[in-house]
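The lines below spell out each chain.
2 protein chains.
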Amino acid sequence: MDPARAFVALVHHPVYDRTGKVVSTALTNLDLHDIARSTRTYGLGGFFVVHPVEAQRELASRILGHWRDEGAELNDFRRMALERVHVVPTLEDAAKAVTDRLRERPQLIATCARPSGTAVRFTGFDCKLPILLVFGTGWGLTEELMATCDARLEPLQGPTDYNHLSVRSACAIVLDRLYGIRQD
Amino acid sequence: MDPARAFVALVHHPVYDRTGKVVSTALTNLDLHDIARSTRTYGLGGFFVVHPVEAQRELASRILGHWRDEGAELNDFRRMALERVHVVPTLEDAAKAVTDRLRERPQLIATCARPSGTAVRFTGFDCKLPILLVFGTGWGLTEELMATCDARLEPLQGPTDYNHLSVRSACAIVLDRLYGIRQD
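Going down the list, the sequences are from chains A and B. Here this note's numbering is used: the first residue of the first sequence is 1, the next is one more, and so on. Here this note's numbering is used: the first residue of the second sequence is 1, the next is one more, and so on.
Since the hints were made in silico from the structure, they are not lab data. What you are looking at is a predicted structure, and each value in this text was computed from that prediction instead of being measured. Worth double-checking, as some hints may not be accurate.
To list a few chain A residues with every Cβ distance to chain B over 12 Å, as calculated [what the hints assert, rightly or not]:
#1 Ser-38
#2 Leu-59
#3 Ala-97
#4 Ala-119
#5 Glu-144
#6 Met-146
#7 Gly-158
#8 Asp-176
#9 Ile-181
If the Cβ cut is set under 7 Å, some of the chain A residues that face chain B in the computed set are [claimed, not checked]:
#10 Pro-14
#11 Tyr-16
#12 Thr-19
#13 Leu-165
#14 Arg-168
#15 Ser-169
All C-beta atoms in this analysis are idealised placements derived from N, C-alpha and C, irrespective of residue type, glycine included.
Given the sequences, and given the hints that come with them, work out the whole structure.
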């Protein structure tokens, strides 16, 4: 698979909170930095921050603008990572932006910590199509949103029954499993 | 390898800053949370926060105490992750604590984003010995500190020449490569 035809979307709504209620989560500064650095390291085409609230999108744009402009001199590696981040109101806007760029609609691949009988394996993608990997903040993407995606990726699994990785960690691991180079 | 005989140390000194100067970095709240959640997910024996400055160790202990006590009701999964975190002044203190627990000294495995001719591969460990995986904050562990470790792990590698993962992301990926369960 060509990582340049793969994209990440970080969705802040609709996601669950810890009680199972559907909410919008607040932007987390380090999500932007960590996921931007991971997508850049693994050669992805881009990273979309999805938030329905205009003030939160403005905040994201201000953070990105800082590192693109004044911060660039301080840390050029951050600029290189953050210049590929885009802020959009909905997941469909992210899908459309990828479609416009590649002239082909990406497969939307939802990620989820809960197991599912219909999940696709990490080696189970159709390599010919571009993909948009969809991550949820809070306690994860709603079932309703996942149902609008084309597929659902198998959950990450360690040797325990505890499965509460941060979205930053989960995204990094998924990209490494899909695009990491192993010498062994 | 038994993950319960593996531990992580996050070192705040001695590490490089972006100019190559040896510094102590400030504690980052999300490092504690993310790495605790990753070590718990992958079944590790524990996680050591290494900081030479007493005020920073006290801050770490206050954060951990909050989630162990008042925060536990709010989010029991955070408590479960953070209860295995220990705060120590030096890497040697972490190694000693592991030795006391297992009655066997762990191999100290340094991690580094820079390539090295002597690095061990992810499949190259002696499985019989316990291990302490050592991660650096800032711009990474100093060469001097790495020379005191028993081995140096090969760097993570994506398909690009950009390699600036956050330490939170790098730790998550290393644990997944060593202890993740793959169905494929």
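For each hint, the structure was consulted:
1. The non-interface label for Ser-38(A) is inconsistent with chain B: the shortest C-beta to C-beta separation is roughly 5 Å, within 12 Å.
2. Distance check on Leu-59(A): its Cβ is at least 18 Å (rounded) from any Cβ of chain B, clearing the 12 Å threshold; non-interface status holds.
3. At the 12 Å boundary, the C-beta of Ala-97(A) stays outside the reach of chain B, the nearest C-beta of that chain being 21 Å off.
4. Not every CB of chain B is more than 12 Å from the CB of Ala-119(A) (nearest about 10 Å), against its label as outside the interface.
5. With a cut of 12 Å on Cβ distances, Glu-144(A) stays outside the contact zone with chain B, its closest approach being about 24 Å.
6. Taking the minimum C-beta to C-beta distance to chain B, about 20 Å, the non-interface status of Met-146(A) holds against the 12 Å cut.
7. A Cβ of chain B approaches the Cβ of Gly-158(A) within 12 Å, the least distance being about 4 Å, so the stated non-interface status is violated.
8. The beta carbon of Asp-176(A) is not kept farther than 12 Å from every beta carbon of chain B, the shortest such distance being approximately 4 Å.
9. Not every C-beta of chain B lies more than 12 Å from that of Ile-181(A), the closest at about 4 Å, which undercuts listing it as non-interface.
10. With a cut of 7 Å, the hint placing Pro-14(A) at the interface with chain B is violated, because the nearest CB-to-CB distance is about 21 Å.
11. A distance limit of 7 Å between C-beta atoms decides the matter here; for Tyr-16(A) the minimum to chain B is near 14 Å, and the interface restraint is violated.
12. The beta carbon of Thr-19(A) comes no nearer than 11 Å to any beta carbon in chain B, farther than 7 Å, and the hint placing it at the interface is violated.
13. Here the hint on Leu-165(A) is kept, as its CB sits about 5 Å from the closest CB of chain B, short of 7 Å.
14. The interface hint given for Arg-168(A) is met, as the beta carbon of that residue sits about 6 Å from the closest beta carbon of chain B, less than 7 Å.
15. About 4 Å separates the beta-carbon of Ser-169(A) from the nearest beta-carbon of chain B, less than 7 Å, and the hint is met.
The structure does not agree with the numbered hints 1, 4, 7, 8, 9, 10, 11, 12 stated previously, though it agrees with the rest.
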